[in-house]
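**Student:** Using the hints, position chain B against chain A.
The listed protein sequences correspond, in order, to chains A and B. When we follow my numbering, the leftmost residue of the first sequence carries the number -18, and every step to the right adds one. When we follow my numbering, the leftmost residue of the second sequence carries the number -18, and every step to the right adds one.
Incorrect hints may appear among the rest.
One copy or two, it doesn't matter: identical chains are merged, so the pair holds either way.
[As the list claims (entries may be wrong)] Heads up, simulated DSSO-like pairs for lysine-lysine below, C-alpha to C-alpha not over 30 Å straight-line:
| no. | residue 1 | residue 2 |
| --- | --- | --- |
| 1 | 64 | 6 |
| 2 | -11 | 145 |
| 3 | -11 | 237 |
| 4 | 3 | 333 |
| 5 | 169 | 344 |
| 6 | 41 | 275 |
| 7 | 283 | 234 |
| 8 | -8 | 237 |
Because the hints were derived from the structure by calculation, they are not lab data. A quick note: this is a predicted structure, and the numbers were derived from the prediction, not measured.
There are 2 protein chains.
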Amino acid sequence: MRIANWAKTIKNNYLFQTVAEKTKKFSEKNPEAKIINMGIGDVSLPISEFVVKSCLEASKEMGEISSFRGYSPNGGYDFLKEKIQEEYSQRDISLDLDEIFISDGAKSDMSNILDIFSGQNICSIPDPVYPVYLDTSIMKGLKVEFLDANEENDFLPLPDFSVKRDIIYICSPNNPTGAAYSREQMKKWVDYANEYESIILYDAAYESFIQDSNLCKSIFEIEGSKSCAIEFKSFSKSAGFTGMRCGYSIVPKELKRENISLNSIWSRRHSTKFNGVPYIIQRAAEASLSLQGKHECEQNIKYYMKNYEKISETLDSLSIKFFGGNSPYVWMKCPNGMKSWEFFDYLLKNLKIVGTPGSGFGKNGENYFRLSCFGLHENVSEACERLRDLL
Amino acid sequence: MRIANWAKTIKNNYLFQTVAEKTKKFSEKNPEAKIINMGIGDVSLPISEFVVKSCLEASKEMGEISSFRGYSPNGGYDFLKEKIQEEYSQRDISLDLDEIFISDGAKSDMSNILDIFSGQNICSIPDPVYPVYLDTSIMKGLKVEFLDANEENDFLPLPDFSVKRDIIYICSPNNPTGAAYSREQMKKWVDYANEYESIILYDAAYESFIQDSNLCKSIFEIEGSKSCAIEFKSFSKSAGFTGMRCGYSIVPKELKRENISLNSIWSRRHSTKFNGVPYIIQRAAEASLSLQGKHECEQNIKYYMKNYEKISETLDSLSIKFFGGNSPYVWMKCPNGMKSWEFFDYLLKNLKIVGTPGSGFGKNGENYFRLSCFGLHENVSEACERLRDLL
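In isolation and in its complexed conformation, chain A is listed as follows:
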């Protein structure tokens, strides 16, 4: 009996777990401390009224013999997929229902998608980025090449046509830097992928925070993308579904490699290793895409973006360099040349503020720090006051 190779080599701690453990330890030692958590990207506003209403209705349906629903269809209910189809069609992107796969979240999808590829591929991962891409690529045994994102390239690396990469992870707006590609920039990536027959795994989990209309909200806005890209979306941030669990992937039917349809094999994988999203949750997701639901969700996004403004004003006034504006994160330079974990400990100890060390997202994240804008206004305001007082 042999265990998987990755288990012998992978680093022992998952970034957010380490942050949580350090915070817990501090909190136990300092039970009186009022810690403000700006670490993990969890939302703080409740599920909107209209969406809760649909949860209540769906729960009741599950309790009546006439309306009870068992296994969900593979890939999700049409009522939800039709709403998603409509969203895309409003941006002139035409999708068939069976190009949409409902799942329990983009994190699962972005990992599970590797099941359909060979472990012999070379994978390109931006640095810094959401650590799941790297961890899951290591678990798959892929050869990983990092793509440097830094202040010199505005944290938006472009393809290097002199090297071949097979699987290309792109997160736009990027977590943690908040940098988002323009349509012109994405066109370069699509051209690259089509030239090399690569596949772009496009993580659009933060798409709803994009403020600048020149930026790309879906890779399928780009000509030629349907022959080289898979898109991943989440309700976690757009509708506050972190504790509700719903997302989806779009795999165009024209996407083929080695003469095999990726849509078919993803469907095969989905139906073999997954059994669908709870009916109640699919109804909730549907409600979040209704007129009323969208209106309420947009209010929440505006609420969080006010936090962004508040934090950015504070950092400006302290002359601390930072980046963002199209995502729910502030990507700041650690003051006084501090290292990321050093600044984490410093903030926790002195200001009782928890953030996420940039170095946890990759080597280029060293000396940077991520603050989440998902807090309540009063907490973010207090955090800003504490920052002003100390720094």
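**Tutor:** Same frame as chain A, but now just chain B:
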């Protein structure tokens, strides 16, 4: 770019998908036919009252800022894990909370668990059995050896100490045959696994249907099992959660291979590639394990087992051989030497009854047929009448 090898070799259709497609086609051609579905193992009774109540409460909590919950803790909420711990302790099995991992269902777990093992292992899969084990093993690239289950061994194959197997899938009560191991038989498997340092993947999804008290309900009832087994459980059948999606895996902390704790690497896998089960669903699962919830769920199981009695009486009266009694399935021999798919077509065409061809579960399933007991009484009664009329 290379796609995964399995995509080039795996059979194109998933058993239940083929059944569904054939049924759909027939139904479109014969819109007036009243089809009775005894195929896929989906429940038909609604979620019990007490469980629905907890869904309603949890949904409301998600809509209030004071009670809203974001990301679930890795591995699930303690409130649910404590209830599961209590269930096990009532059978004198002691578990730590971090040996329990809440998931979206046993199907996902039984597939995903392979992520922690090397692809170089040899895997033992009973034939016939739930097709997911084979499909997921092919996706992993494992060498698969089948273990013949047939009338000669009462569909309960025992270990062959002359050959070494690394990963051993056991489903007890078995889907589709309904055969369940006694404690004495399971002890042999545990001894085998400890001798060869194999890992038993024990699928106990149908455990709550066991009527015979001599049969093994959890592998952890068996001495020595904690050093060689992982158990998978589901709320799908015990609480009718097929459309609610909740299950769990138990990975004992003393389970080690190559000096590495399987509990730790499963936890690492879980936190990297999965983001938890919806809060509402975890509350619902908790409610199903309360006194009131358990009482209501037991009533449902009794209801389904009445279907078993009804079907078995009918087959008896027709002198058709069948097996079962500790699971929600009747495993019948196809009459007149018919092949499984032949009998499927025959039943659908002549009686408008959908069942599952035994051969879809493995070569030893040929000439057998699975009828599900999850229907409503009136439908099962009518199906039985139709059977009596024709056969």
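**Student:** All the hints need checking, so say for each whether the structure fits it.
**Tutor:** The hints, checked one at a time:
1. For a Cα distance limit of 30 Å, the shortest separation of residue 64 from residue 6 across copies, 27 Å, qualifies, whereas the shortest one inside one copy, 44 Å, does not.
2. Both within a single protomer and between protomers do residue -11 and residue 145 lie at most 30 Å apart by alpha-carbon distance, with minima of 28 Å and 24 Å respectively.
3. Taking identical chains as interchangeable, the C-alpha atoms of residue -11 and residue 237 lie at most 30 Å apart only when they sit on different chains, with a minimum of 13 Å there against 34 Å within one chain.
4. When the C-alpha separation of residue 3 and residue 333 is checked against a cutoff of 30 Å, the pair qualifies only within one copy, where the shortest distance is 12 Å, while the shortest distance between copies is 62 Å.
5. In this assembly of identical chains, the alpha carbons of residue 169 and residue 344 lie at most 30 Å apart only when taken from the same copy (25 Å versus 51 Å across copies).
6. With identical chains, the CA atoms of residue 41 and residue 275 are at most 30 Å apart both within one copy (23 Å) and between copies (19 Å).
7. Taking identical chains as interchangeable, the C-alpha atoms of residue 283 and residue 234 are never at most 30 Å apart, the minima being 35 Å within one chain and 46 Å between chains.
8. With identical chains, the CA atoms of residue -8 and residue 237 are at most 30 Å apart between copies only, with a shortest distance of 18 Å across copies and 34 Å within one.
Violation of the numbered hints given earlier is confined to hint 7; every other hint is satisfied by the structure.
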